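Enquirer: So you can see what is in the structure, the chains are spelled out below.
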Amino acid sequence: MTGIKKVSAYGLLAVASIISIFPFFWMVISSTNKSSDVTQGKLLPGAELMNNLTKLLDTIDLVPALLNSAKISILTTILAMLIASLAGYGFEIYRSKSKDILFNILLLSMMIPFAALMVPLFRMFGSISQVLPAIGIDTTAAVILPTVTTAFLIFFFRQNTKMFPREILEAGRIDGLSELGIFFRIYIPTMKTTYAAAAIITFMASWNSYLWPLVVLQTPEKMTIPLLISNLGSSYSPDFGVIMTAIVIATLPSALLFFLMQKHFVAGMMGSVK
Amino acid sequence: MQKTGEVLEPARPVKAVSPKRPLNYRVRNKMIGWSFVLLSAIMILIFYFYPMLQSLLLSFQSGTGANLSWVGAANYTRLFKDPVFLITVKNTVFYLIIQVPLMIILALVLSVLLNSKTLKWKGLFRTAIFLPAVTSLVAYSVIFKYMFGQDGLINVMLMKLSLLSEPIQWLTDPFWAKITIILAITWRWTGYNMIFYLSALQNIDSSIYEAAKMDGASAFQQFTKITVPLLKPIILFTSITSTIGTLQLFDEVMNITAGGPGNATMTISQYIYNLSFKYTPDFGYAATVSYAIVIMIVIFSIIQFRVAGDKE
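Protein chains in written order, with my numbering: chain A, 4 to 277; chain B, 7 to 318.
Read the hints as simulated data drawn from the structure, not as lab findings.
Only a predicted model underlies this, so the values are computations on that prediction, with no experimental measurement involved.
Keep in mind that the hints are not guaranteed to be accurate.
On the chain B side, residues computed to face chain A include the following (Cβ under 7 Å) [what the hints assert, rightly or not]: (1) V43; (2) S46; (3) Y54; (4) P57; (5) L119; (6) A134; (7) V140; (8) V144; (9) L159; (10) F256; (11) N261; (12) I299; (13) V300.
C-beta atoms are modelled at their ideal positions from N, C-alpha and C, and glycine is treated no differently.
The task is simple: from the sequences and hints, build the whole structure.
Expert: Below you can see the structure in the form of structure tokens.
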């Protein structure tokens with residue numbers, strides 16, 4: 004690259020990087036400042052972090068919301084991995100024309116916007132409530148069930164199963180393993196990286212999901228982190244320092260997961276285009 | 007995949023598989039195959055296709071809450087005369103035609119720059135620009151809401167730098183509120199799309215560029231004549247996913263502007279939410295509006311496939 008081009012390339016990338024990072028920087032800085040400092044545009048760290056944290060824990064039910072979100076996200080991730088990988092494996096290993104047709108039909112569900120599902124799903128769980136309140140409106144199960152099976156994940160597992168060596172399958176059969184045994188004893192351990200990638204994107208989507216929990220959860224004790232943050236954000240006399248501290252804590256799990264498992268994260272994203 | 011070898015070990019003395027399989031072996035095998043996919047097929051049927059059917063039936067009913075009665079196509083005629091619906095369509099299309107191309111071009115340019123062999127601190131730039139994609143939509147929306155407030159950081163900074171004499175009404179002016187939403191979504195998703203392009207670029211043989219350079223092609227020509235055509239499938243993929251995402255836009259608008267001022271930033275998804283859970287619930291009409299999104303997704307996807315000239 005010539006001089007000017009080089010400078011402008013670095014300049015553009017630097018500007019893009021700064022714009023990308025700035026809101027994070029401001030969020031972290033603000034969590035260490037008083038509300039009045041935040042509104043005055045202070046961009047230097049203060050000494051209010053502990054103060055904000057105590058106020059946060061005293062006035063806002065952050066811990067219950069964290070636990071609710073953790074419970075929902077972990078259960079969703081485990082169930083989603085199992086259901087989607089069984090299907091992805093089944094569609095690829097026991098391939099047949101009729102199964103391929105079914106597969107394509109299932110893929111169509113990716114085009115369905117959630118906005119079109121929310122009303123009928125809400126009514127569906129409303130009727131379930133009358134028979135089985137344990138999985139009806141305002142329960143963890145109601146948050147998890149509709150989102151736990153996605154055509155995207157099935158597709159992702161199917162694509163990755165294409166690289167699963169068939170010889171191992173035959174070897175397993177000769178060793179007398181049942182078909183399900185092959186899946187659990189051979190396929191799952193072999194496909195660890197695929198599971199890692201799929202688990203990260205599923206966990207993040209669940210941890211951050213907003214619309215469906217907003218619709219289906221009603222009592223404040225059931226609230227998840229995004230619902231809590233949204234409520235804080237629309238309060239009339241916000242304590243900015245405290246709210247920023249809450250947002251920092253809510254963002255930490257995703258950010259940590261990303262930094263620890265960046266490769267798997269990107270692999271999960273790319274799964275859809277292989 | 008390292009386990010492969012271990013597992014293969016005991017299989018080495020391969021015996022010919024007994025040719026005398028039980029008669030029902032194939033039937034049994036078929037059943038096993040289906041049982042693997044059954045659970046997910048049932049789940050998708052219950053939680054996607056059945057609700058879509060319910061939604062369709064609902065769209066021909068009206069009433070408040072659970073008291074619904076059949077009204078024929080009344081909801082559909084109401085749709086085209088409903089000023090709020092028409093505003094939400096206009097807003098959504100506005101976001102779509104400005105934000106999606108803007109973001110895709112930006113992501114393409116950044117990915118090309120990052121793909122340069124001689125570039126230093128590549129990983130640093132890439133991680134920084136991708137970072138917004140790991141934030142929760144609600145969390146970043148609240149941060150943007152505060153940053154773009156009347157006395158928010160953006161106005162304070164712009165005024166300190168004397169770039170502005172009066173604060174911009176980022177959230178309360180109908181035009182600027184839309185711009186704020188567009189800026190927010192662009193911030194959140196540009197890095198995400200850039201990663202797709204970057205991985206596609208890495209698969210392009212660099213000798214193509216060297217040959218182009220020898221033929222005297224400028225950087226811009228290389229970009230428009232080589233990079234863009236070769237990335238066409240992935241650009242199509244990202245523009246379809248972005249379009250579907252924008253047509254369903256909800257979290258940001260709900261948390262940055264709450265749809266306001268007036269209905270100036272409200273999206274179709276938010277209108278459906280309001281019709282069902284905020285105003286007096288009218289599930290029938292909400293279902294009708296939701297079919298409008300479905301139809302728009304289909305139309306825009308077809309247009310994009312046509313534009314890209316793919317025959318698939």
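Enquirer: Does each hint hold? Answer for all of them.
Expert: Hints, verified against the model:
Taken as an interface hint, V43 (chain B) checks out: its beta carbon lies about 4 Å from the nearest beta carbon of chain A, inside 7 Å. For S46 (chain B), the interface hint holds, since its Cβ comes within 7 Å of a Cβ in chain A; the closest pair sits about 4 Å apart. Given the 7 Å rule on beta carbons, the hint for Y54 (chain B) holds: about 4 Å separates it from the nearest Cβ of chain A. Checking P57 (chain B) against chain A by beta carbon gives a least distance of about 4 Å; that is within 7 Å, so the hint holds.
Because the beta carbon of L119 (chain B) sits about 5 Å from the nearest beta carbon in chain A, less than 7 Å, this interface hint is met. About 4 Å separates the beta-carbon of A134 (chain B) from the nearest beta-carbon of chain A, less than 7 Å, and the hint is met. Annotation: V140 (chain B) was flagged as interfacial toward chain A, and the flag holds, the nearest CB pair being 4 Å apart, inside 7 Å. Because the beta carbon of V144 (chain B) sits about 4 Å from the nearest beta carbon in chain A, less than 7 Å, this interface hint is met.
The closest approach between the C-beta of L159 (chain B) and any C-beta of chain A is roughly 5 Å, which is under the 7 Å cut-off, so the hint is satisfied. With a cut of 7 Å, the hint placing F256 (chain B) at the interface with chain A holds, because the nearest CB-to-CB distance is about 5 Å. Checking N261 (chain B) against chain A: minimum C-beta separation of about 5 Å stays under 7 Å; hint holds. Checking I299 (chain B) against chain A: minimum C-beta separation of about 5 Å stays under 7 Å; hint holds.
Taking 7 Å as the C-beta contact cut-off toward chain A, the hint placing V300 (chain B) at the interface holds, the least distance being around 5 Å.
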